[in-house]
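Trainee: Using the sequences provided together with the hints, build the complete structure.
Counting from 1, position 6 in the sequence shown corresponds to residue 6 in my numbering; the numbering is continuous, with no gaps.
Everything labelled a hint here was simulated from the structure, so no lab data went into it. Incorrect hints may appear among the rest.
[What the hints assert, rightly or not] Okay, derived cross-link-like pairs now, DSSO-like style, lysine-lysine, Cα gap no bigger than 30 Å in a straight line: (1) Lys96 - Lys43; (2) Lys96 - Lys64; (3) Lys43 - Lys64; (4) Lys64 - Lys75; (5) Lys86 - Lys96; (6) Lys64 - Lys86; (7) Lys86 - Lys43; (8) Lys96 - Lys75.
What you are looking at is a predicted structure, and each value in this text was computed from that prediction instead of being measured.
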Amino acid sequence: QVQLVESGGGLVQPGGSLRLACAASGRIGRINDMAWYRQAPGKQRELVAVITRGGTTNYVDSVKGRVTISRDNAKNTVYLQMNSLKPEDTAVYYCKIIVGIYSLSEYWGQGTQVTVSS
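Mentor: Structure follows, in structure tokens:
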């Protein structure tokens, strides 16, 4: 069983910063891609950022230059540093990991609320 525990969400003013963390535990095996998604009220869940096992990153255009995804393979943890936050960044943020070598499985975190408001 694999568990993902997210932390770091909260209420922040526009222009502020937050750092999300997602720690994986349990019978994990090899972690491949690690990613953050978000879902705003009334909208579909969207990919925010992804990082491969080798450290290659990719971002949705709306967060480029403001958000950085990173990972600590020794701790099985992925981070999302968010700066210059905007009200439109308000959403529930979910982490996802892809594990396995020959057979791949994906696991999701429970979500953490990020609210950007004055």
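Trainee: Against each hint, give a clear statement of whether it holds in the structure.
Mentor: Checked hints:
1. The straight-line distance between the Cα atoms of Lys96 and Lys43 is roughly 18 Å, inside the 30 Å bound, and the hint therefore holds.
2. Between Lys96 and Lys64 the alpha-carbon distance is near 19 Å, which keeps this suggested pair within the 30 Å criterion.
3. Distance restraint check for Lys43 and Lys64: the Cα-Cα separation of roughly 20 Å lies within the 30 Å cut-off, and the hinted pair is therefore satisfied.
4. A C-alpha spacing of about 26 Å is found between Lys64 and Lys75, which places the hinted pair at or below 30 Å, so the restraint holds.
5. About 23 Å separates the Cα atoms of Lys86 and Lys96, which keeps this hinted pair within 30 Å; it holds.
6. Between the alpha carbons of Lys64 and Lys86 the distance comes to roughly 13 Å, so the proposed pair stays at or under 30 Å and holds.
7. A distance of roughly 17 Å separates the Cα atoms of Lys86 and Lys43; the hinted pair therefore holds under the 30 Å criterion.
8. For the suggested pair Lys96 and Lys75, the alpha carbons sit about 15 Å apart, so the restraint of at most 30 Å is met.
Comparing the model with each numbered hint stated earlier shows that all of them hold.
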